[in-house]
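**Q** Single-letter residue listing:
Number of protein chains: 2
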Amino acid sequence: MMNLKEISKKIIRGDFSSLLGFDGSKKNVHPSEIARMLVSVPKEAALKAFRSLPTASQTKVFPYLDILLQKKIAKALTQPRAAYILNELSSDDRIAFYSLLKGVERSTFLELLNEKNRDAVHDILGYPDNSVARLINTEFATISTELTIAAACEHLRQYHKDTETANVIYVVDKDGKLIDDIPVRRFVLYDPHKKVADILDGFCVSLKMTDTKEDAVAKFKEYDRIVLPVTNEENILLGVLTVDDVLDAAEQRDTKEIQNFGGVEGLDYPYVKTAFFSLIKKRATWLIVLFVGEMLTATAMSYFDTEISKAVVLALFVPLIISSGGNSGSQAATLIIRAMALKELTIKDWWFVMRREVLSGLTLGLILGTIGFIRISIWQNLHLYDYGVHWFLLALTIFFSLIGIVMWGTLSGSMIPIVLKKCKLDPATSSAPLVATLVDVTGLVIYFTIAAIILKGTIL
Amino acid sequence: MMNLKEISKKIIRGDFSSLLGFDGSKKNVHPSEIARMLVSVPKEAALKAFRSLPTASQTKVFPYLDILLQKKIAKALTQPRAAYILNELSSDDRIAFYSLLKGVERSTFLELLNEKNRDAVHDILGYPDNSVARLINTEFATISTELTIAAACEHLRQYHKDTETANVIYVVDKDGKLIDDIPVRRFVLYDPHKKVADILDGFCVSLKMTDTKEDAVAKFKEYDRIVLPVTNEENILLGVLTVDDVLDAAEQRDTKEIQNFGGVEGLDYPYVKTAFFSLIKKRATWLIVLFVGEMLTATAMSYFDTEISKAVVLALFVPLIISSGGNSGSQAATLIIRAMALKELTIKDWWFVMRREVLSGLTLGLILGTIGFIRISIWQNLHLYDYGVHWFLLALTIFFSLIGIVMWGTLSGSMIPIVLKKCKLDPATSSAPLVATLVDVTGLVIYFTIAAIILKGTIL
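The listed protein sequences correspond, in order, to chains A and B. My numbering puts the first residue of the first sequence at 21, with every later residue one more than the last. My numbering puts the first residue of the second sequence at 21, with every later residue one more than the last.
Just chain A, same shape as in the assembly:
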């Protein structure tokens, strides 16, 4: 009836020989593998191949596709077919799809859902983007404490499908309030005549709908859990969250953090899937902000143009001096931002961080200052470059400037993220440009001020 192999061979010119023999229904091909193939070929070809899959496979493959292809497919299919797929998705996959749609697109696709699903999606989209609610699966198995294990098993056989969410069974009271959770393995491992109440461990960790994804990551890690129940404020069980969805969330958080740190706005799609101009936009924004900030360096330097014209040699060390400030600042900022993201540090620890970083800055500044001093002495005495008769004073200027600038860089690098967090801003987003600009501009002022003090009356 359906033969993806031949279609693939015809429409896709790549090497899909590994998929030979695959007819979309065979057990030994995982939906994610089909998805990977579809994502890697031109959209038109993928669409054609997707259409030719049997309906059951379409529903299984759909959640593994990227959002761009999902939209393309949902628009290209007949309305009833698209509606069928969207309604058949598991609730978390459905939310993931709708979460990434905006405005009109979202409402158009919402109309394809049946009333129950539409209401549920609507409900969950009311929670913030970063909340646990956006990741939950609303299909889960519940049971009451009075049943025997044998009866509970019978109940599960009748009412629950063989899906991942049936790995843990939830015990609720008659109002739907969560009492406890039982891994399904206990139904196998314990005597079937025991009551459910007897195999509870009385310990149940749960998440609230409004908890952030970071809270969830922390809780999964702390309690070594694989699934956690999610309740509302009244402790009524609304859904379950599996750790693999949190793995994605943690990875996305880290990717955003890394990209922000590199001075790029977080990308919505992977690098390879991001269109050229939207990539430029994401990069240009920060690059311009940084550029405009750095323009202050030209202004700062223009205040010292008489010093530079008197002692050109001072200009030679400008890049070295300011890059040292920038490097030590970004080291400190990285350490603090990451420690805050992993909840190892909070704003309250600012005093501990400050003392520590001032001391670190001093130590690191002394190290770099000494190297800088030695560098000038060697170059001078081996006649590699002539810094003039006052080379010793110049070397001292570099020594003290490096100490001052590294200390200043370390201090601002560590405090700016904390201040931003205190102001409810995302430290990862805003720290890099702030630290870079601040340290470069003030670094120049420190350098030329120290030079003015030490070199006054000799070369200045």
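Possibly wrong hints are sitting among the right ones.
[Unchecked claim] Derived DSSO-like pairs (lysine-lysine); straight-line CA-CA distance at most 27 Å:
| no. | chain 1 | residue 1 | chain 2 | residue 2 |
| --- | --- | --- | --- | --- |
| 1 | A | Lys91 | B | Lys241 |
| 2 | A | Lys239 | B | Lys476 |
| 3 | A | Lys363 | B | Lys302 |
| 4 | B | Lys476 | A | Lys330 |
| 5 | A | Lys276 | B | Lys91 |
| 6 | A | Lys214 | B | Lys181 |
[To be verified] Calculated from the model, a selection of chain A residues having no Cβ within reach of chain B, i.e. all distances over 10 Å:
| no. | residue |
| --- | --- |
| 7 | Lys92 |
| 8 | Arg138 |
| 9 | Cys173 |
| 10 | His180 |
| 11 | Val192 |
| 12 | Arg205 |
| 13 | Thr230 |
| 14 | Leu258 |
| 15 | Val266 |
| 16 | Leu267 |
| 17 | Ser397 |
| 18 | Leu431 |
| 19 | Asp446 |
Simulated from the structure, these hints should not be mistaken for lab results. Treat the numbers as computed from the prediction; the structure is a model and nothing was measured. We put the beta carbon where it would ideally sit given N, CA and C, even for glycine.
Given chain A, work out where chain B should sit, using these hints.
**A** Coordinates of chain B only, in the frame set by chain A:
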């Protein structure tokens, strides 16, 4: 008999009122909560509190402690007690402990293990740090295909403990070769008279012992699995890996990547737990490497000292120019390194990346160049600073230099990680300093060369 509450109250002066009533054996306190309390108090107090726990709790709490406290405790306890705890740990927790020990310490503690455990630890420590082998749990439940579900359940009840690893049962042949995996829920959801062979789905993803942790993260994500079996080259089942251990591994990888990117050697412990001097050492190393690299900027600039003395105004723009190169370079490097870490890009895509980044660099350079040009024009015409009669030529110099430097920064930022990866070096570790130094030094050369061409005969 044992009363942690009072001991805690006496020895720890913090506020642990939330733990009042806790006696270390009550069901509603999770071992990780006890561990969190112990980790947050001075080591001596923690040790005293740990000693006072009943043995069963000690074994449960131990894996949640950090390695520093684990070592302290293992050394302070009597040998038989320490040996008991280390032997009772689950195999993955045991490996985690021994993985973080070095040299003599490792061998001393190895002697406390019984022969079976010692051999197993020895075996696994033979695999690379970054391999899946280091994370596996060697306790797992196996079964053969001929049994009925009811008989299989009976078998599990007799031979397996109620632990997380019993969530998925493995079907192996008589040589121990992996045939398939069954989530234990199927034993509940299907008719007990069916045979195990009837409820297999014929689809089994597995990992090899030598796969990297990154491979494992990718596979868990791709197949939406919670546990994966781990085999050797002959497909013999040796252990299982749960996704929560991979969550930690992924987070550690990202932390290392972020720290490397910020120019810090990856820390072994959290920021707050790292001793002052080991923190200085981790930071000083890269800071010195970067500093020595950046010294080339002083050398590069010294070649242009006559140009600078003729036109001091050129020096004013040095920080702006080189920071633009650095920023665009680190943007490109961040995007490429992250995309490679997430396996979105491979070395083979270099030509795609190169074309794209040259074009991005050109576009971004044009944007910054135009802003720079406008900045000089405005300052000149509003008399904010006097760049002299040849200000227009100077503005042109800045314009073309920015285009050249941003293109160069983008190109090196994107290609250096790929080249490093090709040379089997870690792109995250080495890219930041290489890109920064290279772009700064060559940026100066580009700037002064363009200046020499455009300004020859006027101000130069």
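**Q** Determine for every hint whether it applies to the structure shown.
**A** Here is how each hint holds up against the structure:
1. A:Lys91 to B:Lys241: holds (22 Å)
2. A:Lys239 to B:Lys476: violated (66 Å)
3. A:Lys363 to B:Lys302: holds (21 Å)
4. B:Lys476 to A:Lys330: Given pair B:Lys476, A:Lys330 holds - Cα atoms ~22 Å apart, limit 27 Å.
5. A:Lys276 to B:Lys91: violated (36 Å)
6. A:Lys214 to B:Lys181: holds (17 Å)
7. Lys92: holds (19 Å)
8. Arg138: The claim stands: A:Arg138 keeps its Cβ more than 10 Å from every Cβ of chain B (closest is about 25 Å).
9. Cys173: violated (5 Å)
10. His180: violated (7 Å)
11. Val192: Non-interface label stands for A:Val192: nearest chain B Cβ at 18 Å, farther than 10 Å.
12. Arg205: Label violated. Min Cβ-Cβ 5 Å, cutoff 10 Å.
13. Thr230: holds (22 Å)
14. Leu258: Per Cβ check, A:Leu258 is outside 10 Å of chain B; nearest 21 Å; holds.
15. Val266: The assertion about A:Val266 is violated, with a minimum of 7 Å to chain B.
16. Leu267: violated (6 Å)
17. Ser397: holds (13 Å)
18. Leu431: holds (14 Å)
19. Asp446: holds (15 Å)
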